[in-house]
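Peer 1: One line per chain: the protein sequences are A and B, in this order. Per this note's numbering, residue 1 is the first one in the first sequence, and the count goes up by one each step. Per this note's numbering, residue 1 is the first one in the second sequence, and the count goes up by one each step.
Since the hints were made in silico from the structure, they are not lab data. Only a predicted model underlies this, so the values are computations on that prediction, with no experimental measurement involved. Incorrect hints may have been included.
Same chains, same names: a pair is fine if it fits in one copy or spans any two.
[As the list claims (entries may be wrong)] Listed below are the simulated DSS-like cross-link pairs for lysine-lysine, each with C-alpha atoms no more than 25 Å apart in a straight line:
#1 37 / 403
#2 379 / 195
#3 275 / 415
#4 415 / 79
#5 403 / 390
#6 158 / 37
#7 403 / 347
#8 324 / 158
Number of protein chains: 2
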Amino acid sequence: MRPFHITLKTNILLLIVGSSLLYDANGQEENQAFFIKSIYEHTLTNAKCDNWLAVLSDTIGGRLAGSVQAEEAVSYTQKMLEEQGLDVWLQPCIVPKWTRGDKEVVRAFWKEGSREKDSALNALSLGNTIGTGPSGLRGQVIEVFGLDTLDILREQVKDKIVFYNRPMNPTRINTGHAYGEAVDQRVHGASRAGKYGAKAAIVRSMTLSYDDIPHTGVQQYADGIEPIPALAISTIAAERLSQLLQEYSDLEVYIKNNPEIHDSVTSYNVIAEIKGSTFPDEIILVGGHLDSWDVGGGAHDDGAGCVHAMQVFETLKALNYQPKRTLRCVLFMNEENGLGGGKAYAKESNAKKEFHLAAIESDMGGFTPRGFGCSAHPKVFKPMLTSLQKFEEYLVPYDLSIKAGGGGADINPLKSQQGLLIGFKPDNSRYFDLHHTTEDVFSNVHVRELRAGAAAITSLVYLIDQNGLDE
Amino acid sequence: MRPFHITLKTNILLLIVGSSLLYDANGQEENQAFFIKSIYEHTLTNAKCDNWLAVLSDTIGGRLAGSVQAEEAVSYTQKMLEEQGLDVWLQPCIVPKWTRGDKEVVRAFWKEGSREKDSALNALSLGNTIGTGPSGLRGQVIEVFGLDTLDILREQVKDKIVFYNRPMNPTRINTGHAYGEAVDQRVHGASRAGKYGAKAAIVRSMTLSYDDIPHTGVQQYADGIEPIPALAISTIAAERLSQLLQEYSDLEVYIKNNPEIHDSVTSYNVIAEIKGSTFPDEIILVGGHLDSWDVGGGAHDDGAGCVHAMQVFETLKALNYQPKRTLRCVLFMNEENGLGGGKAYAKESNAKKEFHLAAIESDMGGFTPRGFGCSAHPKVFKPMLTSLQKFEEYLVPYDLSIKAGGGGADINPLKSQQGLLIGFKPDNSRYFDLHHTTEDVFSNVHVRELRAGAAAITSLVYLIDQNGLDE
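Please construct the entire structure, taking both the sequences and the accompanying hints into account.
Peer 2: What follows is the structure in structure tokens.
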């Protein structure tokens, strides 16, 4: 029985890998559809991206710029890219360093009759916030639903804790749009409240989930305004606080946190490259950001994007593909709280007068791929979009579409080079459940979905490399 | 502060529900795009489908036709549909009754030198299988990768346990296709093995996951062949067994299970209806199947499809929509192991000379909606598809597409009525991780994705009702 058994099993394996073996990298008549099939076959069965992501997310962990974990992530991905036989280098960049300190305390106090009651509100400090000092602070709370309200309330805000509680709009089909519409509260809330003398700001977590998980994220102090502590509370805590405020007008909230803002430090973008054989000066960049928030493992945000980019190169190497154009993998540092990596990359690239024909960023998680969205300098956008959309015929069988609109925080500074900026678009229904939380870990990544994303991006890189983006 | 606070909050709520309040159901100039927006707004914020599904899946639980749970599901959904103010009735159908009995035992035995070793293999009996008897059975194992192999091996199979181990093809983009290509082993494996005198059949679980969760599902005995016990083992168990077989040619497997095949019983389809105001004889059916496998809660398969269908009616009622055509919700019984409900429905419908202009079935889970696939009698298919695809302009903003190909096991018998059969297509990457397992429970359903599916189906029902399917 054994020989028969082995023959059958071997035949099946050959069926699965056969088409990639048949591909002739030097042939003139290569069939692009056929090569894309090989990309999918290799990636769905033999990708390394999931192993890399498990290490980044769960072994190394949260990788805020300036942290030991961020440095470990630099070394690890550098090594993994070198193992692919790529030319790899580190590009220095200056990044802020902020540390969270002890577990934050946020607690509501109110009186029911003569009895004082209190309740903990699950919270996380927002990135770059100052702390309350060791004894914390306590004050009355004023609930608002937008920044502009502060300009109306003005002196009524003084010495209060401002509570921003405008939910993400659940009727938005694209959850990214819902996030974009609500996130001003988190980014600018403390500054606007501080302008009118508030003593702290708390913000409803940026998520469509109703749960007790707080979501951190960056906040920015405006110049010339006294900084005040800024924290996010879970959506359950936000709803509870709102309810309590309606019942108990004398409610107070106590806040204690002790983050620290340190001096800026030098960190690195990790860059790997294969020089193009025919058009070496036309660069196709594919990247994600290596840093993440300190809580959780930054698995979807943006470990997934990094390993997507790395997988593109592993797959093309495995298929013996020799690119016509220069393919560059860039793992950016400090997307989350400063964009130091993206700025340093663009600055050096512009100084060298490089031309990025296309830059693709994956920073919306490792979910089922839906397609790509793109943008560019107005001068070149229409013809380039038209050119990119010609590739849809190859991508539709993989359930992918190409649309206008999209890019990425790290690649956007390259717009002046007049190439195409492309954002990878996976299914977005679950991204903001996990985004910037303790739950953004490898166990919440679906390996097949992650790999399918890598295959989608590899296919687009291949199509652009083969065909360019001429009108 | 309070009045201000309330005003702001109220404004936000009005913004969210405003558009549906503005809709005038009697207006002649109604804007279909606007109404679809209202459908989404209502469903994403106020749907009841998730509450219904929690009860079906986790309170009632697995609902195999003929079980107490199936009868409870009939009563529960009847009551919920009546609460929507619909005309509801039960349609009798004859269903097989099969019970699993005690936890199955499957165990491999082999000798390492003189030491006998053994290992449990996680298993579930397949639906409608016979049992081994109380002392179980033990035999040598022959591993194969397809049914046809049995026709070659023939007498070598006698008294063996046949182990079907052809995996679902991971390179298929549509996991449903991978399932369709592999499932013959589960459905017909025991019968083909029995034909050549095998004593039992075990089959690798139908999933792309590599885990220790066995997947049950229906198997069918062919007439005139002695039935033999049939069980599925987890993919981890299948890989382990395959490995052991290569190392130990004297390996034996012991199997014990005690399912029972009972006499057929009467069960019911649950049907609810709103009569059409203008074309009452043109029926638009929307449905799922109420039965599920006995393990797990049948949350995605197919509690989700049932509550999708029910939600269509809740939403249209909430929006005061008066349909032109007759809208019918059908929750079919016995899809999993006999299709008794679907057959009874088609038989009565044909006897009454009804015409189903369109029948939509949701039976691929409660994941992010991707669109619809359709089929029909060849005579009418092309014009009807063209007609349906005209609606894409309304659906593209919701990330939905309409394609050829699709239907549903319960609605397929309606094809002779020459209407359009439509299958709802959600994202399929995770469906077969859970399908027919203990893990198909409400906690593995994402509420927003479930609701978005209901909104998608409601939108299509509305468009067909408004516009018909004329060329």
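Peer 1: Looking at the structure, which of the earlier hints fail to hold?
Peer 2: 2, 4, 6, 7 and 8
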